[in-house]
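J.: Make a model of the complete structure from these sequences and hints.
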Amino acid sequence: MLPDHLLHQVQAPARYIGGEVNQVLKPDDVPFRVALCYPDTYEVGMSHAGLRVLYEVVSRRSDAACERVFLPWTDAIALMRAHDLPLAGLESGTPLAEFDLVGITLQHELTFTNVLEVLDLGGIPVRAADRHGPHPLVIGGGPCAFNPEPLAHFFDCFVIGDGEEALDELLDALAALPESLRTRAGRTDEARRDVLERLAQLDGVYVPAGYDACESAEGLLIPEPRDDRFPARVTRRVVRDLNAQPWPLAPVIPHTEAVHDRAEIEITRGCTRGCRFCQAGMIYRPARERDLDLLVEQAERIIDHTGYDELSLLSLNCPDYTRIGELIDALHQRLAPRRVSVGMPSARVDTFSVGLAERLQRVRKSGLTLAPEAGSQRMRDIINKDVTAEDLLAAARAAFRSGWQRLKLYFMIGLPRETDEDVLAIGHLIASVLSAAREELSRAAWGRLKLNVSVNTFIPKPHTPFQWLGLADRQTLERRYALLRAAITDRRVSLSLSGIDAGILEAALARGDRRLGAVIESAWRAGAIFDGWRECFEPGRWHAAFAEHGLELNACASRLLPVEARLPWDIIHAGIAREFLAAELDRARRGEPTPDCRAARCADCGMRALVPDCPPITWPRAEAGA
Amino acid sequence: MQPPVRHFAIVALRKAGALRFLSHLDYARALDRAIRRARLPVKYSEGFNPSAQISFASALPVGVGGERELCQIELERPLNADEVLRALAPQLPDDLAVVDVRVVSGRQRRHLSGLERADYEIELSPDPDLGMNLLEDAVGAFLDAGTWPVLRETRSGTREVDIRPGVHELHAITPGSGGGGPRLQMSLALQQDSLVKPSEVVEALRRLIADRTQGRVGVDVARVTRLGMH
Ligand code: SF4
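Heads up: the protein sequence lines correspond to chains A and B, in order.
Going by my numbering, 724 is the number at position 41 of the first sequence; the sequence numbering is gapless.
Going by my numbering, 224 is the number at position 110 of the second sequence; the sequence numbering is gapless.
Accuracy of the hints is not assured; some may be wrong.
[Said to hold, decoys possible] Partial list, derived from the structure: chain B residues whose beta carbon lies under 8 Å from chain A:
1) Arg147
2) Arg151
3) Val176
4) Pro207
5) Leu341
Just so you know, the hints here were simulated from the structure itself, not pulled from any lab data.
Only a predicted model underlies this, so the values are computations on that prediction, with no experimental measurement involved.
Just so you know, even glycine gets a beta-carbon here, dropped at the ideal spot from N, CA and C.
T.: Following this line, the structure appears as structure tokens:
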């Protein structure tokens, strides 16, 4: 991608050279070339497990080659543009425009301008309507595809939900096409449209060009199918059995230190705790698990093939794995002699989870993360976070007693119905954690105590009970962040607050309609890129881009939508019924809990339409013979 | 009390091709993982954060290749050189290949600290204005100079250092028949107190050539390779 003399001129040139251990190179004549792109830096993209799984899905096919593509950093982009060098796959250096498929994972709204940069730098017209027959098909997936409308102009299609089976089926469908449609070279524009129409017949595939955006009574653009070749709603793909899904046992090992540079196994997918703010908890239902023996086997194979000294368990909520204690002990038993440490990124706020973490970090107590999410009980009832102050204090005490001197706590502000008192309650909670620490810790340990308190702005997301609510307005957020800063002064606490401007943009893009395509394009043409990086993000460009199209950024972010309104993302059927989301919003208003359906009875969220025998896991699970 | 007997593998690796662009840290990590995949019985340090006992003769700058980069790996038990080679070689990519392995057992802890010099080859980009006469003239002038002060950025500020005593050999070599520009070979001091970087010698020649041509002729480096250390 970059010749030697340019590699000498960029930061971290190893990002651009490819040739990593375990990369899969295929012969030049495989029928399909698939580029999989994470539209951010190499270090971020190489950390993403989902992309690794899809790399495995494509690479193991005999008819397809898969290559990785990331967005070069700004220094390299400038050189590539100056020397007319296209963005290319890391495996073979093939320019992006010469792939059959370009799959882009959409993990975060603040990568949207990066998507346009990737396409343009790769020599692909950014608008799907400007692409011709031979151009690659540009496919989006990931959580942001659950509201595909803001990016509808830039993608030929989206695959909604679990990608393993869907991507395989999509490649099968392409392989079955007649020659004139299948081969990129010489394909006509009409043939390209024909291909997309056929892909629209596949489950979980949304082809935005088949839908006109029509203005609703509330002034929102709602996609309507042009004719009956395009489904009225696109239903999310759900893999029923995780055990049957591939998992990369020899993942590509990044050259430079990735954000997460370690072996990973996915122990569960989905979570039904039902936190009302959490999009992942709604769009990845139901909770599914991999079998313990399979996981232990996978962990060992990955260590064999990579030489990593760290294994991380992937899950929205690790302690909820039904046999978590046994799993941890089995992994520890097999991997400790090989000097591999096992880590669990998320700990539930209770003593059970702290006990698990203790079993994992027997000697090296690096740090423990707890996420009470809100400061007051009233607020936690509203968001359905099943944690009390007593739970947090008991968990913290247990952690201090086991020797932890560093605790990380996660909170959100700007939550629905929040008052200044609720925000001040975060300060009270931290004060009581500190006094618990004072009681539990020795003098020396107290002196070393560090509480890292991380506070994020709550962003209302599609397909959640709070999808109709707006972001708290700027003045409120500013005031509440200031209150928090003033309330927390202990030098043992280091406070990290998320940026208000980035939150406003994220909120506006998350619930946007098709109008936002033009806004995103304008912002990108004005230079917006790497919006998720503080050193690159310039809110001014975005305000100007919204204004250019007659919109106001703050208003878009804070817009309240009527519960009866048709929503731009209704085109996607995520599995959760709208009635359930509306009922959850009502229960939130009343501060009523909705218990986890694994432990209690089915809450009728609607998932049974997709998974008839939901929930696949109940709790506590009767272990055969145990 | 006598120190215990320790077992080491001294491995020479070739860092070439695109993998020249690995930083020293990336290179060290790649080697560590290859050793773990090879399941070599490496000795680990004591304490809370045990780390594999691997150390390097000298870090290469990003972008510089090496024909014989040396590292020492402490082993739990003695192995013969062939066992180490056979385990490790298949775990390394072509551009990070094992050149040879030597094993030593004894009471000594450090086997790479006595290296005094590093030999480099620098290939320059072809340039019709940069003839061999001009290059040789500049090399001669540099060698004839009694001192050659350069400024170095250190943590405590800028410091003046004389690099001339640390340049043991310096030759210009005519371009080979396979294309490419003229080459420079040099042998430079490696020890902390007298260390000279190849880029500093190139910079000296660049200035001498600029002086001789009123700034008309520049020196553009195509590739730097460390040939070995001794
Ligand atoms: S359908 Fe019932 S059991 Fe299944 S996820 Fe929804 S609430 Fe839980």
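J.: Taking the earlier hints as the rules, which of them does this structure contradict?
T.: Failing hint: just 5.
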